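Read top to bottom, the protein sequences are chains A and B. The first sequence maps to residues 1 to 227 in the working numbering. The second sequence maps to residues 1001 to 1143 in the working numbering.
A hint or two may mislead.
[Unchecked claim] Just a sample of chain B residues kept apart from chain A, beta carbon distances all over 12 Å, derived: (1) D1006; (2) A1008; (3) I1016; (4) E1019; (5) G1034; (6) K1052; (7) G1068; (8) R1071.
[Claimed, not checked] Across the chosen pairs, the derived CB separations fall in these ranges: (9) A:S133 - B:E1033: 32 to 38 Å; (10) B:T1023 - A:D83: 54 to 60 Å; (11) A:R88 - B:R1092: 44 to 50 Å.
[Stated by the list, open to error] Stretches of chain A that chain B covers, calculated by requiring three or more beta carbons in the stretch to come under 8 Å of a beta carbon on chain B: (12) 45-54; (13) 152-165.
Don't read these hints as lab results, they were simulated from the structure. Predicted model, so just to flag it, every value in this text is computed and none were measured. Glycine residues also receive a C-beta, built at the ideal position from the N, C-alpha and C atoms.
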Amino acid sequence: MKIFRSPTVSPEVKPAPGVERLTRRSSGLRELARLLQSEEPLCVLDLGSTSAANIRYLTERGHKIYSEDLLEASTDPELVTKDVDGQRLLDHKHFFSENLAYSNAQFDLVLCWNLADYLDESLVKPVVARLWSVMKPGGVLLAFFHTREAGPDAPCYRYHIVSPDILEMQHVRAQRDLRKGPTGAGERSFRLQRVFNNRHIENLFRDFTSIKFFLTRDNVREVLVVR
Amino acid sequence: MATEVDFAHIGKSVNIKGELSGTEDLYVGGVVEGSIDLAGNNLVIGPNGQVKAKVQVKGVVIEGKVEGSIRATERAELRKTAVVVGDISTQRIVVEDGASFVGKVDVQPEATKPTTPKLAPAQPATNPSPAAPRTPGESVRKS
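Work the whole structure out from these sequences, hints included.
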């Protein structure tokens, strides 16, 4: 049985002094730098909790930013239902009636971050399919996937853009209790739901035109896909 | 912005449904549903304020909850207790850590004023004709 190693801090990941945020270099973000420097205003969808840094960074460059916290939205207890076998299921119809409700071919860039790693299993493929439809042809999506070495307790981070190739990572927790902890108290930490291998990632984005992988030293795989 | 003393004030217990318009700054501590039009003036939504309306103002500071589109011609500020669902269109936006926002942000900076082209300084006697606009590719001969 493989023993999960605790994540080691690579030289690229430096704890910011006196602050709980970490910083890391991002090859995927660096690839996007040319796109973000475009004279044409882009329509960007940022899928994560509200990030003042991302709003500032993107609007300063003349782009429009849409912000939606899908991970938090997926924890809404009203989404929980049961299938015919009594198994817990999330109501997709309800979810998409309130989230990702955009017109087709709207976005030039989608910042998916680590959403797929932490989102409920039943929502991952439908969310990717919905993102495909709301992206413009040629639009780009950036996503991060943990590697197996990250371990099941890999903390869920919110990524903040601070420069063309540097991200700040902020540990985020749910606003609601997600489950009972060992002491019976409510637990709000997001859990890594799965580890995708390259084949799984390619399959997940099979409707997209192209896919590019960047492997980093902090057990995260960065992926850029083109619609 | 003017101090809170200068603001017209909607208290915590006040509940308004309809169209709110005015020509002075406004502080909302209660509930407003409908529309708020204070073109040329500022709006503050206090920490207990709840606004479900279309908002058109000069500047807005949000500490409470807003659901609806916000057009602030000068500035929009979301404090850490703000919860906003809706689109924001403004010239400048400030978002504090902790604020919650779902929607679109469209920042339209003030259009740059047209600048009058600087004329080349008058040349000495070797170039008696008045300074004329250079054609592309033409260099100015230094005396």
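Results for each hint:
With a closest Cβ-Cβ approach of about 28 Å to chain A, B:D1006 is found to remain outside the 12 Å limit, as its non-interface label requires. Once the 12 Å rule is applied to beta carbons, B:A1008 is consistent with being away from chain A; the minimum gap is 29 Å. With a least beta-carbon separation of about 27 Å from chain A, B:I1016 lies farther than 12 Å from that chain, consistent with its non-interface assignment. With 12 Å as the threshold on Cβ separation, the claim that B:E1019 sits away from chain A holds: the shortest Cβ distance comes to roughly 27 Å.
B:G1034, annotated as away from the interface, keeps every beta carbon of chain A farther than 12 Å; the closest lies near 23 Å. The claim that B:K1052 is not at the interface with chain A holds, since no C-beta of that chain comes within 12 Å of its own (minimum 16 Å). The non-interface label for B:G1068 is consistent with chain A: the shortest C-beta to C-beta separation is roughly 16 Å, beyond 12 Å. Under the 12 Å C-beta cut-off, the non-interface status given to B:R1071 relative to chain A holds; the minimum distance is some 14 Å.
Checking the proposed 32 to 38 Å range against A:S133 and B:E1033 shows it holds: the Cβ atoms sit about 33 Å from each other. Judged by the Cβ atoms, the range 54 to 60 Å given for B:T1023 and A:D83 holds: they are separated by roughly 58 Å. A hinted range of 44 to 50 Å for the beta carbons of A:R88 and B:R1092 is consistent with their spacing of about 45 Å. Using a Cβ-Cβ cut-off of 8 Å, 3 residues of the stretch 45-54 of chain A lie near chain B, which meets the minimum of three, so the contact claim holds.
Under the rule that three or more residues need a Cβ within less than 8 Å of chain B, the assignment of the stretch 152-165 of chain A is violated, with 0 such residues.
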